[in-house]
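A.B. asks: The listed protein sequences derive, respectively, from chains A and B.
End of the first sequence = 411 in our numbering, gap-free, step of one.
End of the second sequence = 281 in our numbering, gap-free, step of one.
Some hints here could point you the wrong way.
As the list claims (entries may be wrong) - Here are the simulated lysine-lysine pairs, DSBU-like style, with alpha carbons at most 30 Å apart:
{"no.": "1", "chain 1": "A", "residue 1": "Lys254", "chain 2": "B", "residue 2": "Lys132"}
{"no.": "2", "chain 1": "A", "residue 1": "Lys293", "chain 2": "B", "residue 2": "Lys132"}
{"no.": "3", "chain 1": "A", "residue 1": "Lys319", "chain 2": "B", "residue 2": "Lys132"}
{"no.": "4", "chain 1": "A", "residue 1": "Lys149", "chain 2": "A", "residue 2": "Lys317"}
{"no.": "5", "chain 1": "A", "residue 1": "Lys272", "chain 2": "A", "residue 2": "Lys290"}
{"no.": "6", "chain 1": "B", "residue 1": "Lys132", "chain 2": "A", "residue 2": "Lys272"}
{"no.": "7", "chain 1": "A", "residue 1": "Lys52", "chain 2": "B", "residue 2": "Lys60"}
{"no.": "8", "chain 1": "A", "residue 1": "Lys317", "chain 2": "B", "residue 2": "Lys60"}
{"no.": "9", "chain 1": "A", "residue 1": "Lys114", "chain 2": "A", "residue 2": "Lys395"}
{"no.": "10", "chain 1": "A", "residue 1": "Lys395", "chain 2": "B", "residue 2": "Lys60"}
{"no.": "11", "chain 1": "B", "residue 1": "Lys60", "chain 2": "A", "residue 2": "Lys266"}
{"no.": "12", "chain 1": "A", "residue 1": "Lys376", "chain 2": "A", "residue 2": "Lys302"}
{"no.": "13", "chain 1": "A", "residue 1": "Lys114", "chain 2": "B", "residue 2": "Lys60"}
{"no.": "14", "chain 1": "A", "residue 1": "Lys204", "chain 2": "B", "residue 2": "Lys132"}
{"no.": "15", "chain 1": "A", "residue 1": "Lys360", "chain 2": "A", "residue 2": "Lys293"}
{"no.": "16", "chain 1": "A", "residue 1": "Lys317", "chain 2": "A", "residue 2": "Lys92"}
{"no.": "17", "chain 1": "B", "residue 1": "Lys132", "chain 2": "A", "residue 2": "Lys101"}
{"no.": "18", "chain 1": "B", "residue 1": "Lys132", "chain 2": "A", "residue 2": "Lys290"}
If you're looking for bench data, these hints aren't it; they were derived computationally from the structure.
Being a predicted model, the structure only gives us computed values, none of them experimental.
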Amino acid sequence: MPTPKRASRQAPMRAPIVIAAAALALAAAAGCGGGSSTPAAAPGTGKFTPPKIEALKSLGQGEGQVNLVAWAGYAEDGSNDPKVDWVHPFEKATGCKVNTKTAGTSDEMVNLMKTGEYDAVSASGDASLRLIASGTVAPVNTGLVPNYKDVFEGLKLKPWNSVGGVAYGVPHGRGANLLMWRSDKVTPAPDSWGVVFDPASPYKGHVTAYDSPIYIADAALYLMSAKPELGIKDPYALDDKQLQAAVDLLKQQKSIVGEYWSDYTKAVQSFKGGDTVVGTTWQVIANLTKAEKAPVEVTLPKEGATGWSDTWMVAAKAKNPNCAYKWLDWIISPSVNAQVAEWFGEAPSNAKACAETSDKSFCDTYHATDESYFSKVHYWTTPIAQCLDGRTGVKCTDYSQWTRAWTEIKG
Amino acid sequence: MSGSLRRRAAAFLHRHARVRLSLLLSAPLAWLGLAYLGALAALFVTAFWSTDTFTGDLVKTFTLANFQDLATGEVYRTIALRSLGVAVAVTLIDLVIAFPMAFAMAKLASPRAQRWLVILVLTPLWASYLVKAYAWRVMLSSDGVLGWGYGLTATILTLSYLWLPYMILPIYAGLERLPNSLLDAAGDLGARGWRTFRTVVWPLSFPAVVAGSIFTFSLSLGDYIAVKIVGGKSQLIGNVVYDNIGAANNLPFAAAVATVPVVIMLVYLAAVRRTGALENL
Numbered sequence: 001m002p003t004p005k006r007a008s009r010q011a012p013m014r015a016p017i018v019i020a021a022a023a024l025a026l027a028a029a030a031g032c033g034g035g036s037s038t039p040a041a042a043p044g045t046g047k048f049t050p051p052k053i054e055a056l057k058s059l060g061q062g063e064g065q066v067n068l069v070a071w072a073g074y075a076e077d078g079s080n081d082p083k084v085d086w087v088h089p090f091e092k093a094t095g096c097k098v099n100t101k102t103a104g105t106s107d108e109m110v111n112l113m114k115t116g117e118y119d120a121v122s123a124s125g126d127a128s129l130r131l132i133a134s135g136t137v138a139p140v141n142t143g144l145v146p147n148y149k150d151v152f153e154g155l156k157l158k159p160w161n162s163v164g165g166v167a168y169g170v171p172h173g174r175g176a177n178l179l180m181w182r183s184d185k186v187t188p189a190p191d192s193w194g195v196v197f198d199p200a201s202p203y204k205g206h207v208t209a210y211d212s213p214i215y216i217a218d219a220a221l222y223l224m225s226a227k228p229e230l231g232i233k234d235p236y237a238l239d240d241k242q243l244q245a246a247v248d249l250l251k252q253q254k255s256i257v258g259e260y261w262s263d264y265t266k267a268v269q270s271f272k273g274g275d276t277v278v279g280t281t282w283q284v285i286a287n288l289t290k291a292e293k294a295p296v297e298v299t300l301p302k303e304g305a306t307g308w309s310d311t312w313m314v315a316a317k318a319k320n321p322n323c324a325y326k327w328l329d330w331i332i333s334p335s336v337n338a339q340v341a342e343w344f345g346e347a348p349s350n351a352k353a354c355a356e357t358s359d360k361s362f363c364d365t366y367h368a369t370d371e372s373y374f375s376k377v378h379y380w381t382t383p384i385a386q387c388l389d390g391r392t393g394v395k396c397t398d399y400s401q402w403t404r405a406w407t408e409i410k411g
Numbered sequence: 001m002s003g004s005l006r007r008r009a010a011a012f013l014h015r016h017a018r019v020r021l022s023l024l025l026s027a028p029l030a031w032l033g034l035a036y037l038g039a040l041a042a043l044f045v046t047a048f049w050s051t052d053t054f055t056g057d058l059v060k061t062f063t064l065a066n067f068q069d070l071a072t073g074e075v076y077r078t079i080a081l082r083s084l085g086v087a088v089a090v091t092l093i094d095l096v097i098a099f100p101m102a103f104a105m106a107k108l109a110s111p112r113a114q115r116w117l118v119i120l121v122l123t124p125l126w127a128s129y130l131v132k133a134y135a136w137r138v139m140l141s142s143d144g145v146l147g148w149g150y151g152l153t154a155t156i157l158t159l160s161y162l163w164l165p166y167m168i169l170p171i172y173a174g175l176e177r178l179p180n181s182l183l184d185a186a187g188d189l190g191a192r193g194w195r196t197f198r199t200v201v202w203p204l205s206f207p208a209v210v211a212g213s214i215f216t217f218s219l220s221l222g223d224y225i226a227v228k229i230v231g232g233k234s235q236l237i238g239n240v241v242y243d244n245i246g247a248a249n250n251l252p253f254a255a256a257v258a259t260v261p262v263v264i265m266l267v268y269l270a271a272v273r274r275t276g277a278l279e280n281l
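Hey, can you work out the whole structure from these sequences and the hints?
C.D. replies: Encoded structure:
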């Protein structure tokens with residue numbers, strides 16, 4: 001029996017480690033006596049000024065590869081479904097081999113990009129500004145991206161993909177965070193987010209919510225219509241009082257929540273098994289759940305919804321900028337943009353993509369050209385200390401405060 | 001020439017046992033010092049920094065704000081106590097299951113059966129952590145085999161399952177070294193089962209139990225994945241660390257939070273040390 005003996009023989013080694021660790025802890029605590037506590041520099045008041053970084057002037061030869069950080073489903077190479085593949089055609093056409101790192105959350109994307117090992121990223125609005133401000137991404141010379149001219153005007157030079165009229169990326173697509181429910185267990189069909197915030201909900205213990213600080217915006221959005229006296233104009237611009245109201249609502253919601261989800265496979269399984277019967281979701285989750293034969297429906301509730309508008313950005317220190325630009329042009333080309341939009345379940349960004357979808361009514365289903373639909377969608381944006389809704393007299397709560405609040409909500 | 005040099009070196013080392021020992025130990029100790037303690041030191045230093053909340057860049061000026069927030073936030077105390085409770089519960093459950101199991105393996109099974117039992121105990125360790133945790137998720141789901149639903153109890157159950165081998169193996173090793181003659185002697189002197197256990201088996205196997213409990217306790221204290229998978233809406237101290245790194249990119253605060261389990265472990269080990277169990281391992 002060699003194994004257990006070895007296990008027990010290792011054990012005495014642990015005592016000296018612990019003593020050394022304790023000594024070190026003391027040393028560290030003692031050694032850090034000096035220094036002053038200057039607060040972190042806040043981003044400039046008014047419009048923030050990003051670090052000066054030059055956009056690429058002209059395109060050269062491809063470098064032979066490109067390293068991407070992308071949402072699941074944004075760079076498909078046929079490994080999930082042999083028919084869904086726009087990576088290999090790209091490699092064939094440009095000679096740039098694609099290495100994709102799939103990220104699960106916006107925060108993970110920011111962290112991955114900060115490593116400097118990636119050339120391009122599909123950033124949502126709650127990541128893009130942070131990437132711009134920290135100088136992690138460079139402005140994009142849209143003249144070098146021929147397909148940019150066909151992108152919907154409603155998506156160009158928006159606050160989440162540009163600063164001061166300078167584009168920092170090309171729009172990829174957009175969508176809304178929807179309300180999903182099990183049609184066999186939830187009647188009548190809900191049309192309001194009230195169903196996930198009602199403390200006397202008949203679905204107590206079977207409600208789900210998105211496990212991220214950014215979900216606070218969903219509560220704020222609901223409060224915009226439920227409690228207009230709070231004066232919330234933008235769910236990402238909350239002062240202390242408004243944040244507190246959202247936090248209180250979410251704490252109250254916790255009593256009816258069964259579980260919080262952060263990865264989409266967990267959400268699919270939970271709806272399929274019936275542990276969750278109502279809650280926030282993405283279109284792609286609804287599609288996958290339906291594919292698993294679970295009776296679910298989705299809607300954009302009457303209060304509107306939070307959502308995303310993603311942007312492909314190029315790293316400031318990209319080692320393969322030419323291949324990155326080629327990828328940007330590829331992913332928003334009409335046919336590829338149509339494929340990725342249909343696979344992921346979101347509205348394409350290229351106006352010509354609507355003619356290329358396999359389902360001819362796709363662009364109508366996803367309201368691709370319907371600006372009034374998207375006017376009800378509040379795209380994910382990083383909350384910062386200067387209020388995004390233009391208020392100047394108050395200080396708004398920033399993302400780190402939201403993170404602390406989220407910890408507190410989950411208790 | 002080189003042959004004689006080598007012989008002289010060998011003779012020197014043969015005569016100076018301490019030099020020999022330090023040369024042998026220097027490589028593993030350097031690894032321990034740099035990789036293990038170095039990382040811990042970096043952690044503690046980071047805990048006194050802060051981040052620029054917008055760009056997420058580290059601001060390397062000394063501040064106690066992280067520890068202040070940690071000490072004043074009631075929610076962190078609740079989470080720390082909850083994590084502690086989970087770690088204790090998992091350790092106790094594992095002990096209750098592992099001790100009889102290890103005893104049967106070491107004292108009752110035939111040598112051949114022993115070998116098989118050890119293999120059986122080790123088998124779950126060959127499967128991925130995630131597969132096992134998701135298997136529990138499926139079993140606990142309301143249309144699953146057990147159907148008990150998710151939550152803190154589900155987390156304790158899953159963690160107990162995951163760490164059980166780490167409790168069984170040290171206890172088994174400890175009991176195996178316990179001579180059978182002691183049990184016979186206790187019987188000859190008139191002690192019944194319970195008394196033998198209380199006065200002979202338990203005191204002699206206590207160091208092994210401590211070794212096992214260190215594993216289950218520290219592994220449970222740092223876990224954040226199982227609770228994400230089967231924990232429903234609850235969170236443990238590991239989740240707070242994870243959220244502050246992954247979500248908020250606030251490494252300094254995460255480092256400050258991460259000192260809590262380190263402190264708890266140090267207290268636990270100090271308490272164990274007082275019992276003298278560490279000397280007898």
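A.B. asks: All hints, please: hold or fail.
C.D. replies: The hints, checked one at a time:
no.	hint	result
1	A/Lys254 - B/Lys132	27 Å, holds
2	A/Lys293 - B/Lys132	25 Å, holds
3	A/Lys319 - B/Lys132	40 Å, violated
4	A/Lys149 - A/Lys317	26 Å, holds
5	A/Lys272 - A/Lys290	9 Å, holds
6	B/Lys132 - A/Lys272	20 Å, holds
7	A/Lys52 - B/Lys60	23 Å, holds
8	A/Lys317 - B/Lys60	23 Å, holds
9	A/Lys114 - A/Lys395	28 Å, holds
10	A/Lys395 - B/Lys60	25 Å, holds
11	B/Lys60 - A/Lys266	38 Å, violated
12	A/Lys376 - A/Lys302	9 Å, holds
13	A/Lys114 - B/Lys60	17 Å, holds
14	A/Lys204 - B/Lys132	28 Å, holds
15	A/Lys360 - A/Lys293	24 Å, holds
16	A/Lys317 - A/Lys92	25 Å, holds
17	B/Lys132 - A/Lys101	25 Å, holds
18	B/Lys132 - A/Lys290	26 Å, holds
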